[in-house]
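Protein sequence lines correspond, in order, to chains R and V.
Mapping of the first sequence onto our numbering: position 162 corresponds to residue 182, and the numbering continues sequentially without gaps.
Mapping of the second sequence onto our numbering: position 121 corresponds to residue 595, and the numbering continues sequentially without gaps.
A portion of the hints provided could be inaccurate.
[Claimed, not checked] Listed next, the in silico SDA-like pairs over lysine to any residue satisfying Cα-Cα at most 25 Å (straight line):
hint, chain 1, residue 1, chain 2, residue 2
1, V, 540, R, 243
2, V, 693, V, 542
3, V, 540, R, 240
4, R, 218, R, 229
5, R, 218, R, 111
6, V, 651, V, 511
7, V, 693, V, 519
8, V, 693, V, 676
9, V, 540, V, 569
10, V, 540, V, 685
11, V, 651, V, 694
12, V, 540, R, 150
13, V, 651, V, 669
14, V, 540, R, 111
15, V, 540, R, 238
16, V, 693, V, 642
17, R, 218, R, 73
18, V, 651, V, 640
19, V, 540, V, 647
20, R, 150, R, 199
21, V, 540, R, 218
22, V, 540, R, 241
23, V, 693, V, 482
24, V, 540, R, 181
25, R, 218, R, 193
26, V, 693, V, 505
27, V, 651, V, 670
28, R, 150, R, 222
29, V, 540, V, 568
30, V, 540, R, 193
31, V, 540, V, 489
32, V, 540, R, 112
33, R, 150, R, 211
34, V, 540, R, 107
35, V, 693, V, 535
36, V, 540, R, 236
[Unchecked claim] DEER-style ranges, computed between Cβ atoms:
hint, chain 1, residue 1, chain 2, residue 2, range
37, R, 215, V, 605, 57 to 63 Å
38, R, 180, V, 489, 50 to 56 Å
39, R, 24, V, 596, 30 to 36 Å
40, R, 130, V, 605, 25 to 31 Å
Hints in this document: simulated from the structure, not taken from any laboratory.
Cβ coordinates follow ideal geometry from the N, Cα and C atoms, glycine included.
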Amino acid sequence: MSLLSNTATLLGKELRTEFRSRELLTTTVVFILVVLILFSFAISPTAEESREFGPGLLWLAILFAASLMLQPCFLREQTNDTLSSLRLAVSDPFSIFLAKLIANTLFLLLTEILMLPLFAVFYNIPILPKLHYLLLVLFLGSLGISIAGTALSAISAQARMRELLLPLLLLPLLTPILVVSATVSVSLLDREPIVQWKGIAFLGVFDFIFLTALWLFGEYLLEE
Amino acid sequence: MTSPTLPPTGLRFENIDKRYGGRFALRRVSFEISPGECTVLAGRNGSGKTTLLRIAAQIVRPTAGKLSFPGASAESIGNGRPGYVAHATMVYDELTAEENFVLFAKLQNVPQPAARAEELLRDVGLIDRRDSPVRTFSRGMRQRIAIARALIHRPSVLLFDEPATGLDPLGISWLAKSLAEVNRAGCTVVMSLHGESEISALATRAVRLDAGSVVADTKSGASLHSILTFGAA
Chain R
21 MSLLSNTATL
31 LGKELRTEFR
41 SRELLTTTVV
51 FILVVLILFS
61 FAISPTAEES
71 REFGPGLLWL
81 AILFAASLML
91 QPCFLREQTN
101 DTLSSLRLAV
111 SDPFSIFLAK
121 LIANTLFLLL
131 TEILMLPLFA
141 VFYNIPILPK
151 LHYLLLVLFL
161 GSLGISIAGT
171 ALSAISAQAR
181 MRELLLPLLL
191 LPLLTPILVV
201 SATVSVSLLD
211 REPIVQWKGI
221 AFLGVFDFIF
231 LTALWLFGEY
241 LLEE
Chain V
475 MTSPTLPPTG
485 LRFENIDKRY
495 GGRFALRRVS
505 FEISPGECTV
515 LAGRNGSGKT
525 TLLRIAAQIV
535 RPTAGKLSFP
545 GASAESIGNG
555 RPGYVAHATM
565 VYDELTAEEN
575 FVLFAKLQNV
585 PQPAARAEEL
595 LRDVGLIDRR
605 DSPVRTFSRG
615 MRQRIAIARA
625 LIHRPSVLLF
635 DEPATGLDPL
645 GISWLAKSLA
655 EVNRAGCTVV
665 MSLHGESEIS
675 ALATRAVRLD
685 AGSVVADTKS
695 GASLHSILTF
705 GAA
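Here chain V stands alone, though its shape is the one from the complex (with noise of 0.2 Å):
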């Protein structure tokens, strides 16, 4: 789908905490990720995946501890900022799809935007709707819409909150053998999954959460195996 044109970056989580009010959403989160890495974040519902994912994405400031970005140039940690896909779409309902890219393609100063957008609509096999607004689409068509924004810069990190959430079989084909292609360009992915699927297939760590912790981490076949499917449970 995409390439990054972005130095390979890493991820690097020392002792994060977020707190909201006095509950701890994560406690004392370290570990890095290295560039290129495809990694899968597994746990139960509110173990911290999405704020985790947050503050990775910047969205969120941590209440301690410090997140930082390995390989990173000046130029991907300013307006390069990392592909962010979340639960909902993060995209306007009331404009079409081709003015939604072209509209982040020229925040992130992209080069021809629309040109970039008629790419991407090809990509997410949405160049016949084009001209129709975000609203009329269908659950699994906005999630392809938000993923391919979230692609719009190339950026040299990807996060991906539950990305196959809306997709039907070939829509989860379609974004394993994206993701795929993206990390196979060097591009760091961390995404958090429920259960075995052909996505998590891709990945080559696995950590799990839980209450706001780290409680495993594993680079290993049969234990990233287990680690999926515990936290599906």
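Looking at chain R on its own, in the form it has when it is part of the complex (with noise of 0.2 Å):
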């Protein structure tokens, strides 16, 4: 019970530092609409090569943005020392990587549903008829995302190279999840639309096994 209070508290506070700031969101929306609008004018693709390479673009440009906004995750905590601060109030340390990681997650989707309707008018692609499909999509990839980051982003705070040290960790774990999320998005914005369940489940299984794992050993992330 306390440790979905404790989330509950923390992630209103995360939410509202950040709606306070905009810093993450501003950098990721604007991160992901320049890449967007730079591949489409440098590329030009016709109908055929968007559906096939724009999915790709667009899970890279999440992946850049993501890696840009887990950053300071665990950083922010630094300047005051708040991160002993919460150790110190919550029974279970959990809730700070369960709080972080949904907030992270509700960014990350937040800036992707803002940039889904771009991505189709820049890319010529209709996401309407399976947009359910891409949603879950969407949210299951960027859930991974977030729960890797998240767990990465507390390890490479407390390391000397930290700007260096998130980036060279979080892009290869993720290479998996966005190979697949890719995948399962040209399936599903192709002419004749294909659900992959298998590309779903792996997703999901991908999510739940790195969320134990941060369950069962986060809190030794989180020493000094």
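With the hints in hand, could you dock these two chains into one complex?
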């Protein structure tokens, strides 16, 4: 019970501080927007090419934007040693991770939902036919990125070369999720859309395994 | 300012070692602090005071040795952890003073968090600035907020790392008065200080650290004075 109430309290804090500063959201939205626009003008893809490469570009943009967004996640807590006050206050340190990863997933999803219509326009891909499945893939993919990214952000925040360490660890770890998310998205945005349930199940299993590992070992990541 | 609701709790350090890489920050530190005692940790910079306080706060795990809280109930070693004031303020600059207090009160299951936050804001004399973000406060005001945050759950053990940092003479008097009040109510206080002040006058015991080891430990007035002044040298 205290895990849930602590998580809810911390999530409220994460959302309040972000919506007050809009620091992470602005960075993420601008980054994805720039990447999508740049590639659409640089490549000028045909409708078929768009369907083939568009989803991959979208996920690549999401991944790089997420690594920008995840960097300050635990770094912010070091400014005034607030991580120590949180660790002293909560009964289960997993609530700190849970609140941060839920907040990160929400921020990523919000950015993606804002970007989807622009993606459809710039790449001339109709997204409405299988929108609910696309949203499911975006949710599972973003959750996976947030779980692994939040854990790695806690590790890198205590390291010396922290700015370099997070992308260095994050990108290889998230390669499977990126490949599967992009493949499932390509199938969904095809002229004859197919729902790749195996891919969706893989994303669910990836999220579950990483969340369980974080629950079991997260406490050690917060130690000095 | 507040009185502890948990049973009086002491602190026992048994053969505590803390190593960072190959360097010892603490070496075989053993002593016990009785419930209700007000102990000052003295020593030069780098002598291990902060590390010892962070181990007592359970933020840092010792490399070897054991920390225990004699007299503590299951509640007081669980969520009712020691109140800890560090060098940093340990509060969020982007949140207001009131939001910070409500946040930490909720996390520590303090009944009526909003009422407790208001009580603390009155105690620290910042009730008029309750809606101002902490980043707009002066160093002294932030230190008051930091001290009040540590007291929010009415802990039975208080750990203060140079609590007078940034406080003006009025602030130091306020802190001394508040500490005397919580200590009278049975709260065990451990603080690191440099030199003598209104705050060190509350001490009933002084422990001096040097290069990570306890080199002096006294409860008598004259020796206490000598430990404190030498610690500042």
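Residue 540/V paired with residue 240/R [C-alpha distance capped at 25 Å]: holds, 18 Å
Agreement of residue 540/V and residue 243/R with the hint, judged by alpha carbon distance not exceeding 25 Å: holds, 17 Å
Pairwise hint evaluation, residue 193/R against residue 540/V, where the allowed Cα distance is 25 Å at most: Distance of about 38 Å is beyond 25 Å: violated.
Beta-carbon spacing of residue 180/R to residue 489/V - inside the hinted bounds 50 to 56 Å or not: 31 Å Cβ-Cβ, so the 50 to 56 Å window is violated.
Pair hint outcome, residue 540/V versus residue 569/V [Cα-Cα no greater than 25 Å]: violated, 37 Å
Pair hint outcome, residue 651/V versus residue 669/V [Cα-Cα no greater than 25 Å]: Status holds; Cα separation ~18 Å.
Given pair status - residue 505/V, residue 693/V, alpha carbons within 25 Å: holds, 13 Å
Assessment of proposed distance window 30 to 36 Å (beta carbons of residue 24/R, residue 596/V): holds, 32 Å
Straight-line alpha-carbon gap residue 218/R to residue 193/R, limit 25 Å: Holds, because 20 Å separates the two Cα atoms, which is no more than 25 Å.
Residue 540/V paired with residue 218/R [C-alpha distance capped at 25 Å]: Violated, at roughly 50 Å.
Restraint check for residue 651/V with residue 694/V, where alpha carbons must lie at most 25 Å apart: holds, 22 Å
Given hint residue 241/R paired with residue 540/V - CA-CA distance at most 25 Å: holds, 22 Å
Hint compliance for this structure: hints 5, 9, 12, 16, 19, 21, 24, 29, 30, 35, 37, 38 are not met, and every other hint is.
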